[in-house]
Amino acid sequence: MRIAGILLLWLLSPAGWAVTVLVLGDSLSAGYGIEVERGWVALLEQRLQKEHKDARVVNASISGETTAGGRRRLPALLARHRPNIVILELGGNDGLRGIPPQRMAANLAAMIDQARQAGARVLLLGMKIPANYGPRYRRQFEVVFQRLARDKQVAFVPFFLQDVALRPGLMQADGIHPNAEAQDEMLARVWPALAAMLN
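Heads up: the sequence shown begins at 1 in this note's numbering, then just goes up one per residue.
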């Protein structure tokens, strides 16, 4: 049964890939300020192809992207790449711009639904924002990811930068973007949840 399932995925996936992972994110996944090939998404593709040689990663991340932008772009990406798994790494820019959490939640929920309707499973990466945005907004922002993961029953990483944010030597000078040395830690945060989906 497993062999038949893999064969079916191979036949249905573009270029014969059995597993296609689509990463839809912002600057954290686009490799802002570092060489793209050193970013966590590139490292993910390298690891996937070592352990699952019939897997590929499509990085559709754009620096500055918001959940609204991701929602607009996702349908075309799903139609073009036909991913089996969609990793959603969006929301940080919504928070930094003070966008109402309810609007961010609606956009993320719509993307989860779009991905599922296209036959893909979803891995949601949670985010936190700096303390200067105030405790009330911070709580509302963080709860969005937790509630979506629970209500939509999707795979979830509570805080994508858990082992990176505010850690000396892993952030760029702007204090917002991780440096090249942080990318392995970012991948390590994502990998367990993704590996469970692959298996």
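These are computed hints drawn from the structure, not numbers from a lab.
From a predicted model like this one, the values you see are computed outputs, not experimental measurements.
Among these hints, one or two may not hold up.
To be verified - EDC-like, lysine to aspartate or glutamate: derived pairs with alpha carbons at most 16 Å apart:
| hint | residue 1 | residue 2 |
| --- | --- | --- |
| 1 | K128 | E142 |
| 2 | K152 | E185 |
| 3 | K128 | D163 |
Comparing the hints with the structure gives:
1. K128 / E142: Since the Cα atoms of K128 and E142 sit roughly 6 Å apart, the hinted pair holds (cutoff 16 Å).
2. K152 / E185: violated, 27 Å
3. K128 / D163: holds, 13 Å
The structure is inconsistent with hint 2 alone, although it conforms to all the rest.
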